[in-house]
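Based on the hints, put chain A with the ligand in the right spot on chain W.
Quick note, the sequences are listed as chains W and A, same order.
Read in order, the letters of the first sequence correspond to residues 452 to 545 in this note's numbering.
Read in order, the letters of the second sequence correspond to residues 297 to 777 in this note's numbering.
Everything labelled a hint here was simulated from the structure, so no lab data went into it.
None of these values were measured; they are calculated from a predicted model.
Keep in mind that the hints are not guaranteed to be accurate.
[What the hints assert, rightly or not] Derived pair list, reagent style DSSO-like, types lysine-lysine, alpha-carbon separation capped at 30 Å: (1) Lys760(A) x Lys686(A); (2) Lys516(W) x Lys584(A); (3) Lys471(W) x Lys385(A); (4) Lys607(A) x Lys631(A); (5) Lys760(A) x Lys522(W); (6) Lys313(A) x Lys516(W); (7) Lys313(A) x Lys426(A); (8) Lys542(W) x Lys385(A); (9) Lys541(W) x Lys554(A).
[Unchecked claim] Among chain W residues calculated to face chain A with C-beta under 7 Å, some are: (10) Tyr477; (11) Thr478; (12) Leu491; (13) Asn492; (14) Thr496; (15) Glu500; (16) His504; (17) Leu508; (18) Asn510; (19) Arg513; (20) Arg518; (21) Leu521; (22) Gln523; (23) Leu527; (24) His537; (25) Lys539.
[As the list claims (entries may be wrong)] From chain W, some residues computed to sit far from chain A (all C-beta separations above 10 Å): (26) Ile453; (27) Glu456; (28) Lys474; (29) Ala482; (30) Asp483; (31) Ile484; (32) Tyr487; (33) Asp515; (34) Lys516; (35) Glu534.
Ideal Cβ positions, reconstructed from N, Cα and C, are used throughout, including at glycine.
Below are the chains, spelled out letter by letter.
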Amino acid sequence: MITKEEVEYVARLARLKLTKDEKEKYTKQLADILKYINKLNELDTEKVEPTSHVLRLSNVFREDKVRPSLKQEEILANAPQVESSHFKVKKVIE
Amino acid sequence: MVKYETIIGLEVHIHLKTESKLFCGCSTEFGAAPNTHACPVCTGMPGILPVVNKKAVEYTIKSALALNCEVASRSIFARKNYFYPDLPKNYQISQYEEPLAQNGYLEIGTGSERKRVGITRINLEEDAGKLLHYIGSREIDGSLVDFNRCGVPLLEIVSSPDITSPEEAYTYLTTLKNIIRYLEVSDCDMEKGSLRCDANVSVRLAGKKKLGVKAEVKNMNSFRAIQKALEYEVKRQIKALESEERIIQETRLWDEKKERTYPMRSKEEAHDYRYFPEPDLVPLIVEKEWIENIRKTISELPDRRRERFIKEYKLSEYNAGVLTAEKALANYFEKVVKLYNNPKVVTNWVMVELLGRLNAVNKEVEESPVSPGQLAELLKLMEKGTISGKIAKTVFEEMFNSGKNPQVIVKEKKLVQITDEKEIGKIVEEVLKENPDAVEEYGKGKEKTIGHLVGQVMRKTQGKANPQLVNKILKEKLLKK
Ligand SMILES: [Zn+2]
Chain W
452 MITKEEVEYV ARLARLKLTK DEKEKYTKQL ADILKYINKL NELDTEKVEP
502 TSHVLRLSNV FREDKVRPSL KQEEILANAP QVESSHFKVK KVIE
Chain A
297 MVKYETIIGL EVHIHLKTES KLFCGCSTEF GAAPNTHACP VCTGMPGILP
347 VVNKKAVEYT IKSALALNCE VASRSIFARK NYFYPDLPKN YQISQYEEPL
397 AQNGYLEIGT GSERKRVGIT RINLEEDAGK LLHYIGSREI DGSLVDFNRC
447 GVPLLEIVSS PDITSPEEAY TYLTTLKNII RYLEVSDCDM EKGSLRCDAN
497 VSVRLAGKKK LGVKAEVKNM NSFRAIQKAL EYEVKRQIKA LESEERIIQE
547 TRLWDEKKER TYPMRSKEEA HDYRYFPEPD LVPLIVEKEW IENIRKTISE
597 LPDRRRERFI KEYKLSEYNA GVLTAEKALA NYFEKVVKLY NNPKVVTNWV
647 MVELLGRLNA VNKEVEESPV SPGQLAELLK LMEKGTISGK IAKTVFEEMF
697 NSGKNPQVIV KEKKLVQITD EKEIGKIVEE VLKENPDAVE EYGKGKEKTI
747 GHLVGQVMRK TQGKANPQLV NKILKEKLLK K
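The following block holds chain W by itself, in its conformation from the complex:
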């Protein structure tokens, strides 16, 4: 089961603003999803290693070589605002 408070909490963590209707809808939908997923618990996984990746691969590396980055103006083209070659955002102060 999942509560409306939990939905609100998760929404807040994900920076989502939900309407009252949405909250109710998602509470039900998420509960359904969790119930469905819980079916997996019926399986005996005692002797199965946890999966952290679906591919049977390991150790995919790159050598420590520098490759060209984007040009400054290309990366800054993604900024909401630019000042002194920096991305400018709303003030964050610790």
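Structure of chain A with the ligand alone, referenced to chain W:
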């Protein structure tokens, strides 16, 4: 009096000295123009795939071995989710379950102070970007972000809460830094941000089992600042306990100017990072053979080297400690000793003359204008009697300023020691003539006046006369008077 115990755990972040970032080919160069080392991977554009830098993994394993950790045969990366403008992906690729290394220890202190501090875990992760709130002294009406640092490989070394005083925290950090620098996997330069440290600290009544409520202290920019911040925090917490105030678990920032900590304006949300395995990266499998190959690249570490210096060169514990703290300095010392086999004299010259001058101009040993070979030559000139000990210091100063060889300086400045007895005898005669009073006093038994006369001779020869000879000849001539 009530006695309190202090419990400190340190979280140290170290930039690994790779050429490229952890998951992309952007350069890790420090001090580049802002946002010139960023690409779609490290700024989290849609559709990108991170690929692990092999060298960063090797450096992590190397550090883990030097810190006596168990290197995991299998480890995975995890996403740590949070929103902050310095983190363009809105998650940091870090490690959570199954880190690369765990359960190590670091031995700190010497003699009876010697102890082990546990290393709980070592994670390999990526750094975030850099936030700027000021340009020069001008406060900006927003925050500025530079993504050059974003994605630089970072080693997170988490100690166990085994540290029992701010001073011990300082020792731990220095020891850790020296080891990491010996491994040549990081510069550990706090000024450049290649080493950062957060500290967890709590106090409790002595003998109590339960840990006190801890505070996390951040924002210190030197090892001394960390020590001071912890000293402040310990006092603050003891005061709170004594006045029966409640200590809350919180993050506090160190104010360097006011020398105090203050609570960080924390967001209401308790940190909930919702870690989960990074689906874009496959597991790391570390075979024994790989570990052993990396182990072979670890040279003698500071502790061992210090012990060897004490034994082999008969140095004091203190001198050996100073000389072996930095690999480059220890190498310098050994190179000089190889060419001029008198460790005691070399120790003196390296510790007093060389280090003194390097410190004065804020230079590292690697940048020394005087090479080990040149220093050895100078010491040989002194031993042969070509120059006196006093003149040698003048020559060294000149070598340090000009980078010239000692022989060249001695020749150019005509600094060769005067050892010709006739020549010295002549000057002594002159001095005796000019100082009849002193001669008379010496005759009356005031032997101290000879010091004054020696000084006069030395002055006339610009310090070049051999002092032993001057003494000898003076005494002879005075006796005849
Ligand atoms: Zn990049």
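Each hint tested on the structure:
Distance restraint check for Lys760(A) and Lys686(A): the Cα-Cα separation of roughly 9 Å lies within the 30 Å cut-off, and the hinted pair is therefore satisfied. For the hint linking Lys516(W) to Lys584(A), the alpha-carbon distance of about 26 Å falls within 30 Å, and the restraint holds. With a C-alpha separation of about 29 Å, the suggested pairing of Lys471(W) with Lys385(A) holds against the 30 Å cut-off. Restraint check for Lys607(A) and Lys631(A): satisfied, since their Cα atoms lie roughly 17 Å apart, inside the 30 Å limit.
In summary, the hint linking Lys760(A) to Lys522(W) is not supported, as the alpha carbons are separated by about 63 Å, beyond the 30 Å threshold. With a CA separation close to 12 Å, the supplied pair Lys313(A) and Lys516(W) stays within the 30 Å bound. At most 30 Å may separate the alpha-carbon atoms for a hinted pair to count; Lys313(A) and Lys426(A) meet this at roughly 18 Å. Proximity of Lys542(W) to Lys385(A) is assessed by CA-CA distance (about 19 Å); at most 30 Å being required, the pair is judged to hold.
This hinted pair checks out: Lys541(W) and Lys554(A) have alpha carbons roughly 28 Å apart, not beyond 30 Å. Restraint check, Tyr477(W) versus chain A: the minimum CB separation of about 17 Å is more than 7 Å; hint violated. A least Cβ separation of about 19 Å between Thr478(W) and chain A goes past the 7 Å threshold, and the interface hint is therefore violated. Among the interface hints, the one on Leu491(W) is violated; its C-beta lies about 16 Å from the nearest C-beta in chain A, farther than the 7 Å criterion.
The criterion of a C-beta within 7 Å of any C-beta in chain A is not met by Asn492(W), whose closest approach is roughly 18 Å, and the hint is violated. At about 16 Å, the closest approach between the beta carbon of Thr496(W) and any beta carbon in chain A exceeds 7 Å, and the interface hint on this residue is violated. The beta carbon of Glu500(W) is not positioned within 7 Å of any beta carbon in chain A (closest approach about 9 Å), and the interface hint is therefore violated. The interface hint given for His504(W) holds, since its Cβ lies 5 Å from the closest Cβ of chain A, which is under the 7 Å cut-off.
The beta carbon of Leu508(W) comes within 4 Å of a beta carbon in chain A, closer than 7 Å, and the hint placing it at the interface holds. Given the 7 Å rule on beta carbons, the hint for Asn510(W) holds: about 6 Å separates it from the nearest Cβ of chain A. Hint status for Arg513(W): holds, given a least beta-carbon distance of 4 Å to chain A, under 7 Å. For Arg518(W), the interface hint holds, the least distance from its beta-carbon to any beta-carbon of chain A being 3 Å, beneath 7 Å.
For Leu521(W), the suggested interface contact is upheld, since its CB lies about 5 Å from the closest CB of chain A, less than 7 Å. The beta carbon of Gln523(W) comes within 5 Å of a beta carbon in chain A, closer than 7 Å, and the hint placing it at the interface holds. Interface restraint check for Leu527(W): the shortest CB-CB distance to chain A comes to about 6 Å, inside 7 Å, so the restraint holds. Given hint, His537(W) at the interface with chain A, holds; its Cβ is 4 Å from that chain's nearest Cβ, closer than 7 Å.
Annotation: interface hint on Lys539(W) holds; nearest CB of chain A at approximately 5 Å, less than 7 Å. For Ile453(W), the non-interface assignment is confirmed: its Cβ lies about 15 Å from the closest Cβ of chain A, beyond the 10 Å cut-off. With a least beta-carbon separation of about 14 Å from chain A, Glu456(W) lies farther than 10 Å from that chain, consistent with its non-interface assignment. Distance check for Lys474(W) against chain A: the nearest CB is about 18 Å away, which clears 10 Å, and the non-interface claim stands.
At roughly 19 Å, the least C-beta separation between Ala482(W) and chain A is larger than 10 Å, which holds for a residue marked as non-interface. For Asp483(W), the shortest C-beta to C-beta distance to chain A comes to about 21 Å, beyond the 10 Å cut-off, and the non-interface label holds. Listed as a non-interface residue, Ile484(W) keeps its Cβ farther than 10 Å from every Cβ of chain A; the least gap is roughly 16 Å. Its beta-carbon lying about 19 Å from the closest one in chain A, Tyr487(W) satisfies the requirement of being farther than 10 Å from that chain.
Separation of Asp515(W) from chain A is inadequate, the least Cβ-Cβ distance of about 4 Å not exceeding the 10 Å criterion. At roughly 6 Å from the closest C-beta of chain A, the C-beta of Lys516(W) falls inside 10 Å, breaking its exclusion from the interface. Its closest Cβ contact with chain A, about 6 Å, brings Glu534(W) to no more than 10 Å, contrary to its assignment away from the interface.
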